[in-house]
Amino acid sequence: MSNVISELIEELSRGPRSRAVLSRVFSVCGDSILDLSRRGTTIKMVIKPGCLRAALENIYKEHDLYFRTMAASDERFKEGLTKLYYVFGIDSEGTNIVFEVPVVNGIKVDTISDLFRASDWYELEAHDLLGVEFNGRPLRRLVLPEDWPEELYPLRKDVSVDDVKKVYQPQVVSRISELGVEEVVRIPVGPYHPALHEPEYFELYVRGEKVVDAKYVGFMVHRGIEKLAESMKYDQVPFLAERICGICGFVHSTSYVQAVEDALEIEVPERAHFIRSIVLEVERLHSHLLWLGVALHLLGYDTGFMHAWRIREKVMVLAELLTGSRKTYGIDLVGGVKKDIDKDKIPKVKETLSLLKKEFKELVEVAISVPQVKARLTGTGILPRGEARAYSLVGPTVRGSGLARDVRKDYTYAAYHYVSFKVPVYTEGDNLARTLVRVDEVFESISIIEQLIDMLPSGPIRAEKWEPQPMRLGIGAVEAPRGEVVHVVLTDLYGPYRWRVRAPTYQNLQAVPIMLRGVDLADAPLTIASIDPCFSCTDRAIIINLRSGSINTLPIEVISRRVSKDG
Amino acid sequence: MVKFLKMLSISVREGTATRKYPFESPLVTPEFRGKIEVDPVKCVGCGACTRICPPKALTLSYENNEATLKYFVGRCIFCGMCAYVCPQKAITISKEFELATWELEDLYDETTHTTVKCRICGKPFTTVKFANEIRRRIENKVPEDLLNVCPECRKKLATRKIGSRVVGVSGE
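Residue numbers (our numbering), protein chains in the order written: chain A, 1 to 567; chain B, 1 to 172.
Just so you know, these hints were derived from the structure itself, not from any lab.
We put the beta carbon where it would ideally sit given N, CA and C, even for glycine.
Mixed in with the good hints, there may be bad ones.
Claimed, not checked - As a list, the in silico DSS-like pairs of lysine-lysine whose alpha-carbon atoms are at most 27 Å apart:
| no. | chain 1 | residue 1 | chain 2 | residue 2 |
| --- | --- | --- | --- | --- |
| 1 | B | Lys6 | A | Lys227 |
| 2 | A | Lys157 | B | Lys6 |
| 3 | A | Lys327 | B | Lys56 |
| 4 | A | Lys357 | A | Lys343 |
| 5 | A | Lys227 | A | Lys44 |
| 6 | A | Lys358 | B | Lys3 |
| 7 | A | Lys327 | A | Lys345 |
| 8 | B | Lys56 | A | Lys233 |
| 9 | B | Lys161 | A | Lys233 |
| 10 | A | Lys233 | B | Lys70 |
| 11 | B | Lys95 | A | Lys465 |
| 12 | B | Lys6 | A | Lys361 |
| 13 | A | Lys350 | B | Lys95 |
| 14 | A | Lys357 | B | Lys89 |
| 15 | A | Lys345 | B | Lys95 |
| 16 | A | Lys361 | A | Lys374 |
| 17 | A | Lys61 | A | Lys44 |
| 18 | B | Lys35 | A | Lys233 |
| 19 | A | Lys422 | A | Lys314 |
| 20 | B | Lys35 | A | Lys314 |
| 21 | A | Lys343 | B | Lys95 |
| 22 | A | Lys314 | A | Lys361 |
| 23 | A | Lys157 | A | Lys78 |
| 24 | B | Lys3 | A | Lys345 |
| 25 | A | Lys348 | A | Lys358 |
Stated by the list, open to error - Sample of chain B residues at the chain A side, in silico, Cβ under 10 Å:
| no. | residue |
| --- | --- |
| 26 | Leu5 |
| 27 | Glu14 |
| 28 | Pro30 |
| 29 | Arg33 |
| 30 | Glu37 |
| 31 | Gly74 |
| 32 | Ile93 |
| 33 | Leu147 |
| 34 | Cys150 |
| 35 | Pro151 |
| 36 | Cys153 |
As the list claims (entries may be wrong) - Covered by chain B, according to a simulated footprint, are these stretches of chain A (three or more residues, beta-carbon under 8 Å):
| no. | region |
| --- | --- |
| 37 | 50 to 57 |
| 38 | 229 to 236 |
| 39 | 356 to 366 |
| 40 | 386 to 400 |
Okay, chain B solo, but in the shape it has when bound (with noise of 0.2 Å):
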């Protein structure tokens, strides 16, 4: 009948459960994804993070001839997919999950990197670094010309070439 007494002789056993947080360390495994950190010296800025990120926390934009990868800890999930998704491995996950500020600007971490423009319409397009790497990547086996043109510059480049052999035109 007094069965449900045991209880006590369980809470003798186990005492307090409650850590003492924050004079106490937190209960964090070595596993545990926070924050995530960008090296600039190896990130080249491909945007690849940015395209997977779900809750879009990361963001590459233009702006003053700089490509800056923007990570706003506000939006974050802490889902570990654009480090998984990194080609450069410079994403790495850290533990740190103590996040909270009375500035806003504390939440943004951004890293810069300069652009290459466009040699014909002067459009920066991608990022210096992103572009040798390409270069190493194909191992200059792309005409040096192409490497410098943007993606919309290039199309019309393509077109008139193609249109020079056709009809003999001449291109540019």
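The shape of chain A in the complex, shown without the other chains (with noise of 0.2 Å):
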């Protein structure tokens, strides 16, 4: 390797875990890469598709990197050709690592899902979005329905909405006949049948008791909110954002102005940061309780899930007051935060805290002590750490299996260095270890809290002003109550000209097989709900569910009817 090269990437590496990758990527595809440049934390790198395998080849076994996500997108009429963005992350370093790849109409890409098996999903959704092609692997429809005409992708900029309903009708209407399927109710959860809590369709096959596969099925519909977003301004996005997830929606929306802010290089205020991870950790707790209810009530041990909900509800209302709204909070914008917190509230906030990790430490004691809740969570849906490590796994998932993947300390952002928090982890796998993942990260999140309410700084809340500017690449991640949020936002003049959402669900589904590999058929429903799956937001869309009524195919919410009636 020349020097010139050996000291660029000394100058760009942040570390020594970045120097040894970027070297060897060099020492295999030196002529190969076009770009080499960094922006803070992030290394990009703009490397010709032909070596983007060969490259990769040479660095998936490097321990501490991993796939956090990829966009795709078209800039046909930018630059005359398609785009893919790879991001990688280095734990250890808190450094992101893109390599960039244009791919002129035709060319076929090779492959990396056998590398880095999470890649399967975003190839398979850059192919049905944008009909990017790639070598050395089945092509599938995945988030399009099956009977979606051929060569028409939706994401291209040339397609416009009209065209595609023009084009498309979804043929609901036939399916149901075929099924037998009794009423259709076009409602937000599902145009086949409502009786769910969310949107979900698992294929299990049984034997005897023990489950032996299983299928998930789902991008049944498929919204298209990214192609929303790119014809709304900056601040409106925000909103649209937290309207992914019904549950962690402000996640998204910090994640969506990050990326913005880390794009454009807009510098956000102390005050705006603190009080982004105020609500942040707000929401977690708000979460993990409706998870632990829910978990309890998996398990037919309804008291629990009462009282899990009781607590629950004194923090909705806290949220209620710090930000004005029980759920959809809106008080993200780009640049900072649109209400700030008067000091008038900090005592409510703290009486609400000190009650709530009273009344939480007294709740759990009781319910995990339970015998039957015990037995059912220990030893049950085992996820081993090399399976956690190989898929890419994210948040409470990756840490109830022995490792300490936590975006809020390797790549930390909003006010969390400033706080001390441990990063919970358990080393069994089974659902125990993640139910107490998540029970001590309650009460770090309160202790972060208190922390963050006691250093609040003053100042303004809003950075005053910030210039738009085409076609910069910005990445914001977020660690949400179920894992990372990853969200990459290429720029434009009025609003994001490509707007990539990665939920944790996406990256953690794929591992949902494998835990349920020899479970009984009684512990499926919980396993499933191990992982705090989060539907809507995977699939960014409405899915449709079908309820075909054969014994193989059953909802999760019937499983645990069935469950609780048998013993």
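Two chains, two separate frames, one set of hints: put the complex together.
Next comes the structure, spelled out in structure tokens:
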């Protein structure tokens, strides 16, 4: 390797790990690297499609390199080609390594789904929505329905929503008569059957009482929220982003604004960072309490469920007091927040938190000690550490399998570097481990809010002025209650040119079949729930649910009813 | 072994958690964001709120020499951006959330403004109050004959003026 390149690598790397990765890439693809640059914590490398695979083959064994997200973007009208942005993270350094791959129309990109298994869905999605072709892997429909017309790629810039409406009508009605479902109700949880908490569809293959395999069918209706955002202004998108998830919406709006702030190098006032962190932790509290309640409900311990939600209500009221709304907080704007935390609210916050700490401790001690609860959590739904790593999993799911991945520590954002907190890790990998991670996190969150509220600096809550610039890449990541959320934004003059959302469940769902293999049918609902799945945010869409009535295709709620009835 | 029975004492201590709404007052904090209210006196019909509104619940339309700011609560997501951007502070956020109704019209609120007609093409292009507000803000620094001309005619006018200066062709 020439001295010039070694010096460049030396200058751009943020530590020994990124230096090693960059040198390895250069050693195989020296000539195919068109550009190398760094901004903040993000190192960006423009690499020819022909060499992407060779580069990644050489680095995929690096132990702390993990696949965070991939954004495909149609830039044919800007630069005459489609681009793929592969985002990798080095946890120990908090460094992002972005491989920008320009793809001329008709060129096939070599798959990396065998090296980074998490990239499987991303490649299928890019193929579905933008028509990117991949070599060396079977391509099937993932996001779009089976009856979608060939050669219509809805996320391409020259495809308008009206075109799509003209060409495609979902064949819902014929499907219904085929399946013999008794009624159709068009409500937002799914046009086929609205009886579930969340739209989802698992096929479990059962031999006796044991699950031998499982298949997840999703993406049945893609709402096209990313496309919608392309027609919106910068400050309108946070409100759209917040509606991606019905539980942890604020993480999406924060992720989006952070991505824009990263791309446009907007300096956000300290106080805004603190307010965002406080509200994010309040959201984590209510989300974990909700999850614990649902988990206990799925186990048939409804007393615990009621009490978890009774305690959660105090957090909801607190959220409304701080932001103006129980759930869709609506305070994130590019460059800061729009609602301040007044001094006179602080005593109320502290009072709620100390009450919460006491009551939650009391509840957990009792609920986890119920013999049936403990027995059904322990040793079920095991996710081995190796699999958790191979699938690039995130959030409490990965922390229950012994990996301390947490965006708040690894790629710190907002005001988290001011507070001290632990990242709870359990090594057992079973449902109990994932439960205990969340229980511990509730106490950590309470402590984080207490610290932040005491340190809250004075000053403005929003950057006064910022100028949009076209075609800048920004990455925003937030540790959501269910894992890492990554948003990638390509900027334009009035709003995002391309906005890519990666919700945590998108990553975690792919590991659910592993967790399900070998569990008793009765433990399947809890095991599915143990990743705290958020199907709506995964699809960023409304899913159509089918109730076929056949024995081996059962929605989660039906299984859980059956379990509580049978014992 | 019988530790889980402790839940009974917690239940006794906490009593009933459910509120008897609507017979009891609902649990709404002073910060709650509900339906918005547009003050017809303060509103000048500039349309800033309609441009920021993420779900397009606010629209401004010109019809029959009237400009109408229409608020459709059925689309509203209660984000409060309209109140945040309103330059006249004409929009307030109320705590009202009991908005279900049998009549669709009840979901619409309208604020009407009289319009200014373009003195050249005769098309209404802004509201009287907005024009007055602009006059006040720029302290009459722009000639009055330009203020009563719609943007399209203003463009033509400016081109002609430049033309007349350059080649001596008289405007209008």
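Each hint tested on the structure:
Of the pairs offered as hints, the one joining B/Lys6 and A/Lys227 is violated, with about 52 Å between alpha carbons and a cut-off of 27 Å exceeded. A hinted pair counts as satisfied when its Cα atoms are at most 27 Å apart, and A/Lys157 with B/Lys6 does not qualify at roughly 61 Å. Between A/Lys327 and B/Lys56 the alpha-carbon distance is near 21 Å, which keeps this suggested pair within the 27 Å criterion. As the CA atoms of A/Lys357 and A/Lys343 are separated by approximately 22 Å, the hinted pair is consistent with the 27 Å bound.
Between A/Lys227 and A/Lys44, the direct Cα distance comes to roughly 25 Å. Compliance with the 27 Å bound is thereby established for this hinted pair. Restraint check: the Cα-Cα separation between A/Lys358 and B/Lys3 comes to about 17 Å, which is no more than 27 Å; the hinted pair holds. Our distance criterion of 27 Å between C-alpha atoms is met by A/Lys327 and A/Lys345, whose separation comes to about 18 Å. Between the alpha carbons of B/Lys56 and A/Lys233 the distance comes to roughly 12 Å, so the proposed pair stays at or under 27 Å and holds.
Distance check on the hinted pair: B/Lys161 and A/Lys233 sit about 36 Å apart at the alpha-carbon level, beyond 27 Å; violated. In summary, the hint linking A/Lys233 to B/Lys70 is supported, as the alpha carbons are separated by about 21 Å, within the 27 Å threshold. Under the criterion of a C-alpha separation no larger than 27 Å, the hint pairing B/Lys95 with A/Lys465 is inconsistent with the structure, at around 31 Å. For the hint pairing B/Lys6 with A/Lys361, the CA-to-CA distance comes to about 13 Å; that is within 27 Å, so the pair holds.
Proposed proximity of A/Lys350 and B/Lys95 is supported: the alpha carbons are some 25 Å apart, at most 27 Å. For the proposed pair A/Lys357 and B/Lys89, the alpha carbon gap of about 41 Å is over 27 Å, so the pair is violated. Straight-line distance between C-alpha atoms of A/Lys345 and B/Lys95 comes to about 19 Å, which keeps the hinted pair within the 27 Å bound. Distance restraint check for A/Lys361 and A/Lys374: the Cα-Cα separation of roughly 16 Å lies within the 27 Å cut-off, and the hinted pair is therefore satisfied.
For the proposed pair A/Lys61 and A/Lys44, the alpha carbon gap of about 20 Å is at most 27 Å, so the pair holds. Distance check on the hinted pair: B/Lys35 and A/Lys233 sit about 23 Å apart at the alpha-carbon level, within 27 Å; holds. With a CA separation close to 24 Å, the supplied pair A/Lys422 and A/Lys314 stays within the 27 Å bound. Proposed proximity of B/Lys35 and A/Lys314 is supported: the alpha carbons are some 24 Å apart, at most 27 Å.
Taking the CA atoms of A/Lys343 and B/Lys95, the gap is near 22 Å; set against the 27 Å cutoff, the hint holds. Between A/Lys314 and A/Lys361 the CA atoms are separated by roughly 15 Å; this keeps the pair inside 27 Å, and the hint holds. Distance check on the hinted pair: A/Lys157 and A/Lys78 sit about 10 Å apart at the alpha-carbon level, within 27 Å; holds. Simply put, B/Lys3 and A/Lys345 have alpha-carbon atoms about 37 Å apart, too far for the 27 Å limit, and the pair is violated.
Among the hinted pairs, A/Lys348 with A/Lys358 is consistent with the structure: their alpha-carbon atoms are about 16 Å apart, no more than 27 Å. Contact between B/Leu5 and chain A, as hinted, is supported at the beta carbon level, the nearest pair being about 9 Å apart and thus within 10 Å. Among the interface hints, the one on B/Glu14 holds; its C-beta lies about 7 Å from the nearest C-beta in chain A, closer than the 10 Å criterion. Checking B/Pro30 against chain A by beta carbon gives a least distance of about 8 Å; that is within 10 Å, so the hint holds.
The beta carbon of B/Arg33 comes within 4 Å of a beta carbon in chain A, closer than 10 Å, and the hint placing it at the interface holds. Residue-level restraint check for B/Glu37 is violated (minimum Cβ-Cβ distance to chain A is 16 Å; threshold 10 Å). For the restraint placing B/Gly74 at the interface with chain A, the shortest Cβ-Cβ distance is roughly 14 Å, beyond the 10 Å limit, so the hint is violated. Of the supplied interface hints, the one on B/Ile93 holds, with its beta-carbon coming within about 8 Å of a beta-carbon of chain A, less than 10 Å.
For B/Leu147, the interface hint is violated, since its Cβ never comes within 10 Å of a Cβ in chain A; the closest pair sits about 28 Å apart. Because the smallest distance between the Cβ of B/Cys150 and any Cβ of chain A comes to about 24 Å, over 10 Å, the interface hint for this residue is violated. A cut of 10 Å between beta carbons decides the hint on B/Pro151: the least distance to chain A is about 19 Å, and the hint is violated. Hint status for B/Cys153: violated, given a least beta-carbon distance of 26 Å to chain A, over 10 Å.
For the region 50 to 57 of chain A, the stated coverage by chain B is not satisfied: 0 residues place a CB nearer than 8 Å to a CB of that chain, which falls below the threshold of 3. Coverage of the region 229 to 236 of chain A by chain B holds [criterion: at least 3 residues with CB-CB distance below 8 Å; count 4]. Here the region 356 to 366 of chain A counts 4 residues with a CB under 8 Å from a CB of chain B, which clears the bar of 3, and the coverage holds. Closer than 8 Å: that is the beta-carbon criterion, and the region 386 to 400 of chain A has 0 residues meeting it against chain B, so the requirement of 3 is violated.
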